[in-house]
Structure formats: structure tokens, C-alpha cells
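Assemble chains B and C onto chain A, guided by the hints.
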Amino acid sequence: MSDSIRDRLSSPEDDGPAQPLTTAGFVQTDSRSAHGGAQVAPSTHATPATEGGDQGSHSGGRLRDDPQRAKAAERAVATLFLLSVVGVIGFVVSYIAAPFDFGKNGYQYYTPLLGIFMTLALTGVGAGAVLWAKTLMVDEETVQERHDLASDPADRASAAALLKSGAEASGLPRRSLLRNSLLLGAGSLAILPIPLVFGFAKFQHKERILSDTGWKAGARLLDELGRAVKLGDLEVGGVKSVFPDVPGGRRMADSAALLIRMEPDVLHTVPDRKDWVQDGHIVYSVICTHLGCPVKLYEAQTHHLFCPCHQSTFDAANGAKALFGPAARNLPQLAISVDSDGYFVAQGDFSEPVGPSFWERKPSYSDKVGK
Amino acid sequence: MSTLRTKASGYTVVVLALVLVGGLYTALAAPKGKADVGTNQSIAVKEGRQLYLQGCSTCHGLNNQGGAGGPSLVGVGASAVVFQVGSGRMPLANGASQAARKKAKYNRGEIDQLAAYVQSMGGGPVIPAGSLSDGDLALGGDLFRTNCSSCHNFAGAGGALTRSKYAPALKKADERTIYAAMQSGPENMPRFSDNQLTPDEKRAVTRYVRFITNDNKDPGGAALGHFGPIPEGLVIFLIGIGALILVTLWIGARA
Amino acid sequence: MATLVEKGASGTAVWVDDRLGSSNFVKRSLNKVFPDHWSFMLGEIALYSFIVLLLSGTYLTLFYEGSSREVIYNGSYIPLKGIPMSAAYASTLHISFDVRGGLIMRQIHHWAALLFMASIVVHLMRVFFTGAFRKPRELNWLIGVGLLILGIVEGFAGYSLPDDLLSGTGLRIAYSIALSIPVVGTWAAFLVFGGEYPGGAIIERLYPIHILLVPGIILGLITFHMMLIWFQKHTQFAGPGRTETNVVGSRIYPAYAAKAGGFFFLVFAVMAALGGLAQINPIWLYGPYDPSQVSAGSQPDWYVGFLDGSTRLMPNWELRTLGHTFSPNVLLPTQILPGVLFVLLMLYPFIEAKLTGDKGYHNLLDRPRDRPVRTGLGAMAISFYVILMIAGGNDIIASIFHLSINEITYTLRTALFLVPPLVFVLTKRVCLSLQHADDDLLHHGIESGTIRRLPSGEFIEETVALPSQYGVLLATTPERRELLARSEAEHAAAGAIASKPRGFFRAKGGVVVEEPTDQRQLEGTVD
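Residue numbers (the numbering used here), protein chains in the order written: chain A, 1 to 371; chain B, 372 to 626; chain C, 627 to 1153.
Just chain A, with the same shape it has in the complex:
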């Protein structure tokens, strides 16, 4: 059937008729093909066929011609197709009947079961189709001529002339007022979306917003569960995530800080920050000065803070100075004191903007920390 259709279809269209590749020596002519021997593909080195040569152009043909092997191939393809039915049935049954609810015995097999049956269903149809094509379909190697991509010069010229005459007919090149006002009018349309998009942008004092956090003078240091942290809660070598005692402080992205306690004698502070620490307790912003990840890996023995995102390392015993990695600046320090009830309170906001650098950030901030 395919031959007769191909017969009818093959006409000298722009793509040219597809021809079986019949170069002597490479391809045996498919006896069923209507175009056997019609066209010889050019080859500089065509030589008579050697037995071991490449004759794989239609191995399917030989199998097809052997009724027994063709039958076996057909059975293999059919088996694969039927595998899909098994897969689909398995999928539907597991979808309905397999344990699904979290914690139920065997629930962890639900998704793998669906996966296995889905794979089976898809593989059956997919592999079956490929195997069918490889074994039973007519698939001779065919030659088709490429057509030139570039148009011939005459066409090019006439297209250009057409464009030009159309433009002239519209009067655009001559009427400069029309042309210029059109350019202006259409060009101004480009401005239309600008307010729509940039309307999102608020005229805010970016530097002030980025410098302000939730911390303010007298704000207690709350832990992740909202309890105020007292002097003595931490042992030496202890750390605690702390948040400002202000509404929503727990979720403020710029306010998360880390309270660290170390031996008072290993804690070096610059002279004008002596009263920023309390009895070996020191608080740093956890927002990395590189790209803003929470720097919360604290090594109790080395006093290093380590960022899990890009490995910037800070020396918590020495003003959280940047020691390693892409971060250029120390982590900002929060001045703390202890109130009359023994709770830690902030002395105010951070003295410099927390987190990554930005254009408006004043260089003077960073000069405050010694060494």
C-alpha cells in the first residue's frame, strides 16, 4: 500500500522527490520501491559492493521478507503494546487501592508504584513503536535534493522594487510631515508601558529602608519561640538565634541576629565598643554581607561563623571580621546591655546597614570596625 501512495505523491515538487539511495555498492535496491535505480547518488568513491560493506540501509526489508522472522517481530511489538495495557491497569489499581495517607503502613510505596506502572505503560507504546519501525516498516535510505535557500537575483530585485513602489504609493517618503509625526506618534507609544511597569517602584529612601531593621533601643532579645533571653541562659560555647521584641520581629528578614557567648578573655572588641558586649555575650546580624544568607554555622572552638551558601567565614571573636570567601565586610554588630530584670536588650539599631552591599551604602560605615 505504501508503495502506491508514495508513487502518487512523488512528483517534482520543490523539495524534489525522495529517492531511495541506490549508489551501487552501498545500497541494494529495494524491490518494493517504485524508485529503484531511478537516481544514483553521486559518490566519488563508489566501488562494487563488498560483502562486509555498509548495507544497513534497510535491514528491516530483509526481516520483512522472511515471513517467520517478520511474524516473530510482529509478536514482539504486540507484546510491548500489550505491556502498556498492563501498565495502565497497574497504574489505575495502585492509584485507587495502594496505601496513600501519610504515615499509613507502606505509604512510601505509593509514588514508586505509580512510577513503575507509568513507566511500563509509556515504555510499552514507545518501545513498541520504535521496534515496529525498525523491523517491519519500509525504511529505505532516501536521497532528496536541497533547494537553494537564497532567492535568485531577479526575485530579489523585484521584491525590493515592490517594497519600494509600495512605500512610494503610500506617499511616506515624500511627505516628511506625515513621516516625522508618525515616527513621533508611534515612538511615543513605547513610553506607554513604562509607567505601568515602573509604577511598582516607590519613591522611597532606599538607603534608609535598607539601614533600618526591627531593632531599637530597649527591645529585648527574643528567641525563636518568643521568649526573652536572660543573662545566664547561655553557657560558654552557646549560641542563640535572637529576634527583636517588636511586632512581627520573628519574621523580619533583616533583623535575625545571633547571640554568642564565649570566654570574655577571647573576645576582642575595639575600644569604643567595649560596652556593646555583656560578659562574653556578643550579638551579630546573621544576614551575610555577601548575598544575604543566614550565617549561622558557629564553630564554638574557633569562634568562626561560616556561611553555608558561599562559604564566607567570619571571626566572631574579632568583630566578625571577614576571613575567607567572597564576603568583603564584617557582620554588623548589635550593641546590647542587660536590663534591670536581667534580660538582654538592644542599645539601638545596628550601626550600619545589615546584609549585602548596595550602591547607596556609605563607605564610612565600614571604617568603624578596627583591624
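These are calculated hints, taken from the structure and not from any lab test.
In this text the structure is predicted, and so the values were computed from the model without any measurement.
Hints are not guaranteed to be accurate.
Ranges between beta-carbon positions, derived for each pair [stated by the list, open to error]:
#  : chain 1 : residue 1 : chain 2 : residue 2 : range
1  : B       : Lys-543   : C       : Gln-961   : 56 to 62 angstroms
2  : A       : Ala-154   : C       : Ile-855   : 26 to 32 angstroms
3  : C       : Trp-664   : A       : Gly-171   : 43 to 49 angstroms
4  : A       : Phe-198   : C       : Trp-943   : 28 to 34 angstroms
5  : A       : Gln-301   : C       : Gly-708   : 50 to 56 angstroms
6  : C       : Trp-943   : A       : Pro-195   : 34 to 40 angstroms
7  : C       : Ile-775   : A       : Gln-68    : 40 to 46 angstroms
8  : C       : Gln-961   : B       : Asn-478   : 55 to 61 angstroms
9  : B       : Asp-545   : A       : Ala-78    : 52 to 58 angstroms
10 : C       : Ile-677   : A       : Ala-154   : 40 to 46 angstroms
Dumping the calculated DSSO-like pairs for lysine-lysine here, alpha-carbon to alpha-carbon at most 30 angstroms [to be verified]:
#  : chain 1 : residue 1 : chain 2 : residue 2
11 : A       : Lys-104   : B       : Lys-543
12 : A       : Lys-321   : A       : Lys-230
13 : C       : Lys-633   : C       : Lys-653
14 : A       : Lys-206   : A       : Lys-104
15 : B       : Lys-543   : B       : Lys-473
16 : C       : Lys-633   : B       : Lys-588
17 : B       : Lys-588   : B       : Lys-474
18 : A       : Lys-216   : A       : Lys-206
19 : C       : Lys-761   : C       : Lys-653
20 : C       : Lys-707   : A       : Lys-104
21 : A       : Lys-104   : B       : Lys-588
22 : C       : Lys-1054  : C       : Lys-761
23 : B       : Lys-543   : B       : Lys-588
24 : A       : Lys-164   : A       : Lys-216
25 : A       : Lys-321   : A       : Lys-274
26 : A       : Lys-164   : C       : Lys-761
27 : B       : Lys-542   : B       : Lys-476
28 : A       : Lys-71    : C       : Lys-633
29 : C       : Lys-985   : A       : Lys-164
30 : B       : Lys-417   : B       : Lys-473
31 : C       : Lys-658   : C       : Lys-761
32 : C       : Lys-658   : C       : Lys-985
33 : A       : Lys-230   : A       : Lys-216
34 : A       : Lys-216   : A       : Lys-202
35 : A       : Lys-230   : A       : Lys-274
36 : B       : Lys-417   : B       : Lys-474
37 : B       : Lys-542   : A       : Lys-104
38 : C       : Lys-653   : B       : Lys-543
39 : B       : Lys-476   : B       : Lys-543
40 : C       : Lys-707   : B       : Lys-542
Note that CB positions come from ideal geometry on N, CA and C, so glycine has one too.
Leaving out everything else, chains B and C in the frame of chain A:
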């Protein structure tokens, strides 16, 4: 001559003070336990001291005061012993940047005796009696993500620290080890006092750690080590692209 | 029955043809010839995984809620019960634990996204190393690189939507990168995020970008990509009967179409297997995003890994002067580097054409060894990229092998500058020696397995001319064709015994020792 004497008397004072403090602590702590704990405890301390002298004193000193090879154990508490000895990290193997988990050298009874001895020498945190993993799972998860996952990874698979140090994977740690680690802050791990994470909260964290490392049945298939997107990327190239290239070779082959 | 179907089919065909005149198009299309080579199917993987993405993604939109509104979780996953989280995260948990088949769809979607990107990269390498980007296909190259970039954007947006701890960390980094742009950084970051981080609008904005805008553009570009392949016809490797002006391969109908259709299902099957059996992005373990929490080993998906790596390797250069802060430590690895890399990638066809002065059409593909400089450059680029990828996983490597992360970083910093040039030189040399080996084969032919003894007592092995079906593959230049012709002539003149080659270029085994018979024959053989 006189300096030697003052030194010696200095040591005596320190040791006496430590024994006193330790004794006081045990005396104060004892009422919390069962009635017969007192006598059992003193036997355990004795046995523990024997084990200590044989196995630990070379590095940690005859009286816990520390020595060339190891730190003082005064005040580290029973928890530290449970963690270090129970996880096989102590006795220490040579040459590691950090004490690695090994097969424990002592059995549970011996560890408890050692712990009792070290506890008697200056007090420190003790693992409470009773179940350690009956805490609130969701609370434990939240606390874990705030306090632990930054080093140990979201699923307790462990992570890198600076200069070849690492936060170990938590899969092999039993309840006592996890609890003891929070209390004692081994090596570079911060310590979490009971004021900071209450015993209830520690139990919640312990339960969550056990859940994600052992009780959690990954519902999506093979867990790929719980290392996040990197093993996923390897899988898509080695298995996904690999398998499909084999398929293209099969389809493309003219057998 | 069969006739009924046939009747129905032809009836429909007639109905359509009456209205559209489609027969002409159909007949030309079905007769289209496509060259066969396994490596031509790599791009198909990308196409099919995109279809899988559209299907699975549509399913996910039925349940996902793209909102950062805070809710208290009350679903089936007990370890998160009562935890406050965004509606986006809660709905992703809902898909994973409360929708039957939801988890497998999520996992298939994510695996297909990784495969989409992986197959684009592998396909790009095939196109690069075989020179398929040359005239007239530069436009399609540009579209392809555009698809690669859009794929990264689309993937990152999708990775961010569940609003879990890992992706939230990624978003914060993206915000910080925007912040680092000189002069307009704060404006850009605030514009995109709706204010200071987290801004409260980013999930809501990423959702339509991820499901409508970017996939729409990708779909359009893929269509255009395919139309150009169709119109310009596919390239082919050199081979018997293959020239610059023809296409040798299979007709699209029926065998090629059956194979391609079958391949789609097989790609889908691999996705289903991974989606069901390999857990990906377990957001329930990451937990909801909380700006104060983080996990060790936080990584982006693999296709962003090279940027993460470059960021990790970057020294901490920052300029604080004239009242402003300028951050090359962020700008260089995250914006300038990918900008330069992608521009170079886009321009490569034009740069190569300019440097080689080659303005001709190319429909026959190069063997990589025949273009040592291009192949060297490609290998160099790959090594650069791979080092950055390794750097992106330096913490995982350090953690698994207990190595020093500092040492790994220093080593990779050095390697990034030393290894690529070495790889270039090495690859070029390997290409050249492979070329020599080819020339040898063309010139001297292959060993016949026949050993002759010369009158002087010396033993030599006879060679035969390379069988022409292999010769055609190698003789890609006029000089080589001449070499092959000369070799054939010489061997014919020498009357060398043609033996049947077994395997690839290998002669039949077994050593035959023959006494020399004819002096002329010997002279012909020894050269």
C-alpha cells in the same frame, strides 16, 4: 622546695574543691532519681573510676584535670561521656582533624559507670531519665531548622565546616547521643543549655532528628543521600541523559 | 471494520482538503527526508521533555496557589502541623501529601525540567562540535542559545515557587544580586520584589512569569526553531552518496515518524521512572521559608550551579569610595561572567566565520577532529564550565570526603585559570594526531593480516586500500580525497590481496606468512 609545696597544696585544694562540688551536685541531684540510686551510684562511680584510670587517664589526667593529650573533664558532665564514648569518638583515634564516629569501645553499662565517675568529678549536664524522643514533632522540626540544619543539613545528612571540619551526619546517632550532643556541645558544636532549649524542647529536637534520619519513609522514592540538588543534577546526566542516549543509539542503529 | 476506518479516514481527509487544500502540503511533508544519526535525537529530548513539562505543569496549576499569604498548616504531613507558612508552600505540601498522584506529577515536572536543560546543553555541544551552526543555520543557533537562557530563567522561577527554605534562600540571593547593580541596584531589586526583601510580592509575580510568559516565549521559539530545521533541512554527516546539496536519510513517514513518536514515549517513560523512583526536591524536609533559617549545603538546581560556583570562587573584592559601595565580588561572577559567556556563545558562529573567512553554505557536518581549534575551544569552554560546577558543590565534596573547603576553593581558583588552556592545547593535539591517523589510513590503507618476507629476510605486513565506504567518511577534504585515490591506485597497482575487513577498520585476524613471489609487488607495498 617551697614552690613545689605550694603547687602541691594548690592542687590539693583544687581537687578537694572539685570533689566537694561534685559531691554536692550528686547530693542535690540524687533526690530526683529513684531511691536506690544513691548506693548504686557510688558503686558506679567506683567502677567508672577504674575504667577511667585504665582507658582515659593517660590523656585526661589521673584526676580529670586534663593533660598533654586531652582537655580537663571537670564539669563536662555525664552527657559528654555518653556522647563521646557512646559514639565511639573516645578513645580518640590519631591523625584526624576531628574525632570521628567509630564503633564504641565500651558497652552501655561501662559508659554509664564512666559517666557517673566523670559526673562525680565536678558535675555538668546529665541526660534525664525516661524517653528522650516523645517530644512534639512539629516543634522539634522548627527548632531543628533554626538551630541545627545550618550545620547538619535539612535532613541531618551533615555538612562542611571550615578547614576540613564537618558537622557529622546524624543517621547513626541514637537518642542519647543526640540529646547529649545538644547538652555538651562536643568540639565545635555550640552548647544548648536547659535554659536555652528546655528538656522538652531537646526531646522534641531529638524526636525530629530520629524522624528525618531513620523513621522518615521518603515518599518520593530513593532519597539520593538527602544532599539536595547536586545528586539530582548527577542523576539527570548519568541516568536520564545516559539512558536516553542509549535509546537514541538503539533507534539510530541500523542493525 | 478496516474498510470502515479507511472510509472514515479518507472522508475526513477529503473534507479537510476541500476547505484547506492540504493534500499538497501533506504529500510534500510526508516525503520529507531526515538524516539518521543518534546524535540528531538529542534536541528531540529537549522538545519532548518540554511537552512533559507542559502536561505535568498544567496538572500542578490545578492545585498550586501562588500566594505568600501566611497560613497555618493543617494537612496530612504531621511534622509540619501547626507551623505558619505561605499559602504557596502549603499548597505544594497539599500536592505532595493530599493529592493522589500529586507527588509523582511534581517529581516528573522537576525531573523533566532538569532533563530539558541537560538535553539542551548536550544538544548544543553536538551542534557546536560538528559545526552545524555554520551558514545558513546561524539564526537557529541564536534561537537555541535564547532557549537555553530562557530555560535557566524558567527553571529558576519554578524552583522558587514552592517557597520552601531552599528556594527562599535562592530568592534572597537573587535579590542581593540585583541589589549589587551599580547606581540602579536598589531600584531594580525593590521593583522586582515589591520592596525591601522579602517584599511580599515575588511569589505572586513569579507565578504568571513561570506558567504564562516564559513558557509562551519558549513555545514560540521552539516552534520557530523547528520550522527553520524543516525549511533549511537537517545537516548530515559525510557518507556514501552524501553531498552538500542533498539529504540522505529516512522519509518522515512512516518509519521516521513512528520512531520519533516512540521516542517521545520513551523520554516520558524515563521521566516517569525518575519521578516515581528518585525523590527530587523534598520540600517537606526543607521546611517553609523563614529568613532566619538555612540548611547546610544549600544549592541551586544544576543549571544555575556554574553561577553559584563562580560566586564561591570569587575573591572578596569590594570598592568603597566616593560615598558609594561597588561590589565586584557579586557583580563579576553573577552578572558579568554569564553575560560575557552567553554573548560569546551567541556570537561564536559569526566570530568563526570572520576568522576563517568562510562564507559558504555548510550542510555536511564536520568531524570534531577535523576542526582542532574549534574542538579545542569547545573542550576548553566545557572544562571552564565544569570547574565552576564543581565549585558550586565544593561544600558537598568537602562534607562527603572530609576535605578542607578552603583548600578546595584555592585549588579550584587556580584550576579555573590553568586547566582550560591546558585542555585547549591537549584537545587540539589529540585532534591533530587523530587526523594523522586518518591520513595514514587513507594513504597506507589497512593491515591485511598478510605478512611477507622480503628477499633481504625482513618481514613486512601487507596493506590494502581502505574500503571506500569508510574512505568516504574520512576523505572530507580535496587533499584527502586525493590521498585516498592515490592509495587506491597504488594498492591496485601492487595487486595487494584484498581481504575482508572485520569490525571497524580491522583486518581479518590470523597471520599468513608467504614467501615473496614478485619483486614488483614488494616495491608497491613498501613505501
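Ascending list of hint numbers which this structure does not respect: Of the numbered hints given earlier, those the structure breaks are 1, 3, 5, 7, 14, 16, 24, 38, listed in rising order.
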